[in-house]
Structures are given as structure tokens and as C-alpha cells.
Amino acid sequence: MTPDSQDIGADELASAHRRTGYSKIAVHFVIRRDGTVEPGRPLDEPGALSRNANSRSYQVCLIGGLNDHLEPYGSFTTEQREALAALADVYRLPKHYGPESPLKTLH
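Here my numbering is used: the first residue of the sequence shown is 1, the next is one more, and so on.
Read the hints as simulated data drawn from the structure, not as lab findings. Hints are supplied without guarantee of correctness; some may be wrong.
As the list claims (entries may be wrong) - The calculated label-pair distances, taken between Cβ atoms and stated as ranges, are:
#: 1; residue 1: TYR22; residue 2: LEU70; range: 12 to 22 Å
#: 2; residue 1: MET1; residue 2: ASN52; range: 15 to 25 Å
#: 3; residue 1: ASP44; residue 2: HIS69; range: 14 to 24 Å
#: 4; residue 1: SER5; residue 2: ASP44; range: 26 to 36 Å
#: 5; residue 1: THR20; residue 2: HIS69; range: 14 to 24 Å
#: 6; residue 1: VAL90; residue 2: GLU45; range: 25 to 35 Å
#: 7; residue 1: HIS69; residue 2: ARG92; range: 32 to 42 Å
#: 8; residue 1: HIS69; residue 2: ALA16; range: 29 to 39 Å
#: 9; residue 1: ASN52; residue 2: SER5; range: 31 to 41 Å
#: 10; residue 1: ASP34; residue 2: ASP89; range: 29 to 39 Å
#: 11; residue 1: PRO42; residue 2: TYR73; range: 26 to 36 Å
Please read all numbers here as calculations on a predicted model, not as lab measurements. Even glycine gets a Cβ: it sits at the ideal position worked out from N, Cα and C.
Let the sequences and hints guide you as you build the complete structure.
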């Protein structure tokens, strides 16, 4: 997640992750504000941001979703929600999400 004004992609996110000590991008997919899905870490490699589920999950970063104080505030776009739903369908991901899930508002 980033401030809404910071529409970065997988390359920029990979650079940010490397600056914080990761060897490469930590997530499998990045979904930009316009719904474009960019590949990140190869799917046969565990993600790096979900301590207890890295080896059994695909990790997706939706760009945006933070206000100017870097607090979460549900500003994901319809295009992002649709792209996330499409990824969930393609990869047959379970429909189990946390309380702030961007998919909760997509029906």
C-alpha cells in the first residue's frame, strides 16, 4: 500500500524492497491504480511479507489505499478490485480476506 498519489509499479516496489533488505520484490503481483497487474516474485518462490503464510500464499500489493498520514483508508479503485477478483479466479484463491479487504466492496 502507498499513498494514492504514488502510483508505482513492480520495478519501483522491487527497488523499495531491496532498500529495506530484501533480495528482490517481496510480493507476487502488484496491482496499479488503473487495475494493471504487474508480475513480481516468481510464483514458485515464497513471498516475503506474511510471516506465517509465505510458503502457502500468493502475495498481492495494491498500490494506494493510504492517506497522507500513511494510514489505511479504503481508497482502492474499482479497477484494482476487479483485477484482484480476476487474480483470485485465475489462481483459484480462497475467498478469505481480512477485515479491510478491497474485495468486500466488489459485488
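- [ ] Determine whether the Cβ-Cβ distance between ASP44 and HIS69 falls within the hinted range of 14 to 24 Å.
- [x] About 38 Å separates the Cβ atoms of ASP44 and HIS69, which means 14 to 24 Å is violated.
Task: Range hint 14 to 24 Å (beta carbons of THR20 and HIS69) holds or violated - done: Roughly 20 Å apart at Cβ, these two residues keep to the hinted range, so it holds.
- [ ] Using the beta carbons of HIS69 and ALA16, state whether their distance is inside 29 to 39 Å or not.
- [x] Violated - the Cβ-Cβ distance for HIS69 and ALA16, about 19 Å, lies outside 29 to 39 Å.
- [ ] Could you tell me whether the CB distance from TYR22 to LEU70 stays inside 12 to 22 Å?
- [x] holds, 20 Å
TODO: Could you say whether the range 15 to 25 Å given as a hint is met by the Cβ separation of MET1 and ASN52?
DONE: Hint holds: Cβ distance 20 Å, inside 15 to 25 Å.
- [ ] Using the Cβ atoms, figure out if SER5 sits within 26 to 36 Å of ASP44.
- [x] Between SER5 and ASP44, where Cβ atoms are some 34 Å apart, the hint holds.
Task: Cβ separation of VAL90 and GLU45, checked against the hinted range 25 to 35 Å - done: violated, 18 Å
Open item on the list: Against the range 29 to 39 Å, how does the distance between the Cβ atoms of ASP34 and ASP89 compare: consistent or not?
Closed with: Violated, at about 20 Å.
TODO: Given the range 32 to 42 Å, decide if the beta-carbon distance of HIS69 to ARG92 lies inside it.
DONE: holds, 37 Å
Task: TYR73 and PRO42 - C-beta distance against the hinted 26 to 36 Å - done: holds, 32 Å
Open item on the list: Given the hint of 31 to 41 Å, is the C-beta distance from ASN52 to SER5 inside that range or not?
Closed with: Hint holds: Cβ distance 32 Å, inside 31 to 41 Å.
Going down the numbered hints, you'll see the structure goes against 3, 6, 8 and 10, while the others check out.
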